[in-house]
Amino acid sequence: MGKTVLTGKHFWYGNIAIAEGAIAAGCRFFGGYPITPASEIAEHISKRFPEIGGIFVQFEDELASMAAILGASWAGAKSMTATSGPGLSLMMENLGLGVMMEVPTVVVNIQRGGPSTGLPTLTAQGDVMQAKWGSHGPYEIIALSPDSPQEAFDLTIRCFNLAEKYRVPVILLASETVGHSAGKVIVPPENEIELIDRKKPTVPPEEYLPYKPDEDLIPPMAYAGEGYAICTTGLTHNEKGYPDVSAETQEKLVRRLNDKIRKHMEEIVDVEEENMEDAKIAVVSYGQVSRPVKRAVKMAREDGIKVGSIKLITIWPFAENVIRKWAKQVELFIVPELNYGQIYLEVKREVAGNSETVLVPRMGGKLITPQEIYREIKKVSKK
Amino acid sequence: MNASGKTLLTQRVKVSRGEIHIIEERCKQCRLCIELCPREVLQESEKVNEKGYHLPEVVEEPEKEKICVSCGICEVACPEYAIWVREKKEMHQGRGIYGKNSSNR
Amino acid sequence: MSHKMTRGKKPLLPQELHPMDQWLRSERMPHIWCAGCGIGPTLYAWVRALDTVGIDKDKVVYVSGIGCCGRGSGYLDVDGFHTTHGRAIPFATGIKLVKPDLCVNVISGDGDIFSIGGNHFIHACRRNVDLLVICTNNFIYGMTGGQLAATTPIGDYSTTTPYGNIEPPFNTPYLADASGAVYVARWTSIHVRLLEKSIAEALRMKGFRYIEVLSPCPVNYGRRNRLREVDDIAKWFWQSSVIRHGADTREVQIEKGKPIILGNFVKREKLSYYGELKKLEEKVKRAAEAKK
Chain A
562 MGKTVLTGKH FWYGNIAIAE GAIAAGCRFF GGYPITPASE IAEHISKRFP EIGGIFVQFE
622 DELASMAAIL GASWAGAKSM TATSGPGLSL MMENLGLGVM MEVPTVVVNI QRGGPSTGLP
682 TLTAQGDVMQ AKWGSHGPYE IIALSPDSPQ EAFDLTIRCF NLAEKYRVPV ILLASETVGH
742 SAGKVIVPPE NEIELIDRKK PTVPPEEYLP YKPDEDLIPP MAYAGEGYAI CTTGLTHNEK
802 GYPDVSAETQ EKLVRRLNDK IRKHMEEIVD VEEENMEDAK IAVVSYGQVS RPVKRAVKMA
862 REDGIKVGSI KLITIWPFAE NVIRKWAKQV ELFIVPELNY GQIYLEVKRE VAGNSETVLV
922 PRMGGKLITP QEIYREIKKV SKK
Chain B
14 MNASGKTLLT QRVKVSRGEI HIIEERCKQC RLCIELCPRE VLQESEKVNE KGYHLPEVVE
74 EPEKEKICVS CGICEVACPE YAIWVREKKE MHQGRGIYGK NSSNR
Chain C
8 MSHKMTRGKK PLLPQELHPM DQWLRSERMP HIWCAGCGIG PTLYAWVRAL DTVGIDKDKV
68 VYVSGIGCCG RGSGYLDVDG FHTTHGRAIP FATGIKLVKP DLCVNVISGD GDIFSIGGNH
128 FIHACRRNVD LLVICTNNFI YGMTGGQLAA TTPIGDYSTT TPYGNIEPPF NTPYLADASG
188 AVYVARWTSI HVRLLEKSIA EALRMKGFRY IEVLSPCPVN YGRRNRLREV DDIAKWFWQS
248 SVIRHGADTR EVQIEKGKPI ILGNFVKREK LSYYGELKKL EEKVKRAAEA KK
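Protein chains in written order, with this note's numbering: chain A, 562 to 944; chain B, 14 to 118; chain C, 8 to 299.
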C-alpha cells in the first residue's frame with residue numbers, strides 16, 4: 562500500500578494540492594470527466610489511487626460522474642469529482658439529487674471564464690451564484706474558496722469534513738489561477754489532520770428511519786448493504802424515505818434541508834479579517850483575488866488610509882453576520898471579483914444601505930493587480 | 014411428448030390441486046389472471062373492491078376440467094401481487110397438466 | 008422463501024401473505040402502476056430469480072431512474088435508490104465499485120435507459136461494470152402521459168406523434184451486444200417463467216448483463232395503438248413471439264407485423280471492470296515493490 566498522507570514540504574500546483582488534500586481526507590472514490598483547467602486533479606488521482614486502493618473512474622460525462630460519486634458515497638466511500646464551469650452546469654442535476662438525498666460528497670470547480678465554453682485556459686470567478694443556485698428548487702449548499710495551493714489543500718480537507726458532518730455536497734470553488742499556480746504546501750503528519758465521518762445509525766434496522774433527523778437536523782446515514790433497507794428518492798419524501806408528494810411533507814423536508822445549514826452558520830462560516838479594527842473602508846474578496854487585495858490594503862495603509870480586508874473563505878452560506886456587523890463601522894465596501902458582480906450583490910444586500918458598496922469587476926482572463934485595487938481604494942477614500 | 018413417445022394428454026397422471034388466494038384491495042381488474050389461466054378456472058365476479066374493481070372468482074367445474082392445478086401462472090403474471098396459489102396437499106387423478114392454452118409461460 | 012419478514016412493520020399473517028410480500032414494503036401496496044402493467048410481473052420474476060440463486064436480501068441493491076419503473080425501488084424491501092432521469096447506471100456503478108460484494112441491479116424503463124440515459128448504457132456495457140440491467144420496455148413514455156420513446160415502433164401513435172412515428176426505434180439487444188455486454192436477452196412480462204430463468208442465469212454471471220423485458224402499457228401505449236385491452240398486448244406478445252436463443256442481435260429489431268424474437272442472445276466470458284481494476288492494482292503494487 563502506498564502512502565496516503567504525504568507529510569512534509571512540497572512545491573505543488575493547486576490542482577495537485579487538491580488531489581492530495583482529498584486523499585488525506587480519506588477520499589477513495591473519484592469519478593470525473595476531463596476538462597480544462599481541472600484535468601490535472603483527475604490525472605493525479607488516477608496515478609495515486611491504484612497505489613492506495615482507491616477507485617478512479619473516468620466517466621463518459623459529468624452527468625455520470627456526479628451520479629457515480631453519490632452512489633459511491635451511499636456505499637460508504639468518501640467521494641469526489643473535479644470539473645470546471647461547463648461541467649458544473651451538467652452536474653447541477655445530480656447535485657440537486659445529492660442535496661435531496663443528503664449525500665456527503667465533494668465537487669471541485671476550477672473556475673474558468675464563461676459563459677459557455679468561454680475561456681477554457683484562463684481564470685474567472687463567474688460560477689459563484691451557480692454554485693448556490695445552479696440546481697433547481699430552494700436549497701442551501703456549502704462552498705469554500707481557496708486562494709493558494711496551501712489553502713487548496715487545507716480547504717479540500719475541510720470540504721470533506723463539512724460534507725460528512727452536514728450530509729450535503731460541498732463545492733470547492735477554486736479558479737484557474739489557483740489550480741495552475743505552484744506554491745509551497747505543507748502537509749501535516751497524518752495524526753494531526755482532523756477528520757470527520759458521517760453519523761451512522763445507532764438503532765437496529767427495524768427501527769431505522771433514513772430521514773428522521775437528530776436534534777441537529779441531520780439524519781444518521783446507513784450504507785448500502787448493511788441490512789437497513791434504505792429507501793431514498795429525489796422525490797419529496799417522508800422520514801421513511803418514501804415518496805410523499807404533499808405540500809406538508811415538502812414544507813417540512815425542504816425547511817429542514819435549508820435549516821440544517823442555516824442554523825449552523827456560525828460553525829460553517831469562516832472569514833479572515835485584517836486591519837478591520839479602525840477601518841472605514843473594507844475590501845471584501847475571496848479566492849485568489851484576496852492576494853492582491855492584501856497587498857493593496859498594505860499599500861493604502863502606508864498612505865494612512867483606514868482600510869481593512871475581509872476575505873471570505875466560506876462563500877456559501879454567505880457570511881452575512883460578518884458583513885452586517887462591519888456595516889455599522891465601515892462607510893464603504895469595495896468588492897473586487899472576476900465577474901460582473903456576484904458576491905457584490907450579497908454584500909450590498911447585507912449592507913442594506915448603511916454604507917456604500919462599490920464593485921470592481923473583471924470579466925475574467927487575468928487577475929486584478931494590487932495596483933488596480935489600490936487605485937480604487939485611493940479613489941473612494943477621497944470621497 | 015414424453016420419453017415413451019406418447020403425448021402427455023393421453024396419459025393419466027397425478028396432478029396437484031391449487032388453492033387460490035386473493036388480496037382484494039390490490040386488484041385493479043386487469044383480467045390477466047382470467048385470460049392467462051390454462052384451465053379457465055377464473056372468471057370476473059360481481060364483487061367489487063373498495064376502488065370499484067371487479068374481482069376474479071373461482072369457477073371450478075370438475076367435469077369440464079376447469080380445476081386449478083396450481084400451475085401458478087395467475088400468480089406470476091399478476092401485476093398487483095394480488096393473487097397467489099398454494100398447492101393443496103392431496104393429489105388428484107387427472108389428465109396431464111397440458112390444457113388447451115398449453116404453454117411454458 | 009427463507010427471508011425475514013418485511014422490516015419496520017407488523018408482519019401479515021402467513022395466510023394473508025403473497026410470496027412477493029417477503030420482498031415488498033407491503034404497507035405501500037397497492038402500487039401506482041396501471042392495471043395490466045408489465046412492471047409488477049417483471050419485478051416478481053426478478054425476486055424469484057434472486058431467491059433461486061440464493062442471494063441474501065441484505066446484499067441486494069435496486070437502483071432506478073425516473074418513470075413508471077423508477078418507482079419500483081421504493082416498493083421493494085431492499086436498499087432502493089430512486090435517482091434522476093437516466094442516471095441509474097452511473098449511480099449504481101458508484102455503489103458496485105465501492106462495495107463489490109453487493110448484488111447491484113438497475114431496473115428502469117426504456118425512456119430512462121435508452122433516451123436520456125443512452126450514453127451511460129453504452130459506456131457501462133463497454134466498461135463491463137458488474138451490473139444487472141433490466142429494462143422494462145413499454146414502447147412509450149408512460150409516466151408523462153404517452154409521448155414518443157426511442158423504442159416506439161415506426162408508424163405507432165403517441166401524444167407527440169399524432170400522425171404516426173417516423174423515427175426508427177433502437178434495437179436494444181443489438182446496442183448492448185455491440186457495446187460489449189456479456190449477457191443479452193429479451194423476454195416479455197408475459198413470458199414470466201422464461202424471464203425468471205434468464206434473470207437467474209444472468210445473476211450467476213459477472214460483468215454487464217442486460218435483459219430487455221417487453222412490457223404492456225395498455226393505458227398510454229395500447230390505447231393509442233389498437234391494443235386497448237391488457238389482453239390485446241398479451242396476445243400480441245404471445246402470438247407474435249418466436250424464441251430463438253443465440254439469435255444474431257442484428258436481426259431482432261421489433262417491427263409491427265413481424266415476429267418478436269425472444270431469447271437469450273449473447274453470453275460471453277470477459278473479465279469485469281472490477282476484475283481489471285484489481286489486476287491493475289496488482290501491477291502497480293508489483294512495480295512499486297520492484298522499485299524498492
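Certain hints may be false.
[To be verified] Result set (EDC-like, lysine to aspartate or glutamate): computed pairs, CA atoms no more than 20 Å apart in a straight line:
1. Lys-277(C) / Glu-289(C)
2. Lys-285(C) / Asp-839(A)
3. Lys-292(C) / Glu-612(A)
No lab work stands behind these hints: they were computed from the structure.
Because the structure is a prediction, the values reported are computed rather than measured.
Hint check results:
no. : hint                    : in the structure
1   : Lys-277(C) / Glu-289(C) : holds (19 Å)
2   : Lys-285(C) / Asp-839(A) : violated (61 Å)
3   : Lys-292(C) / Glu-612(A) : holds (7 Å)
Violation of the numbered hints given earlier is confined to hint 2; every other hint is satisfied by the structure.
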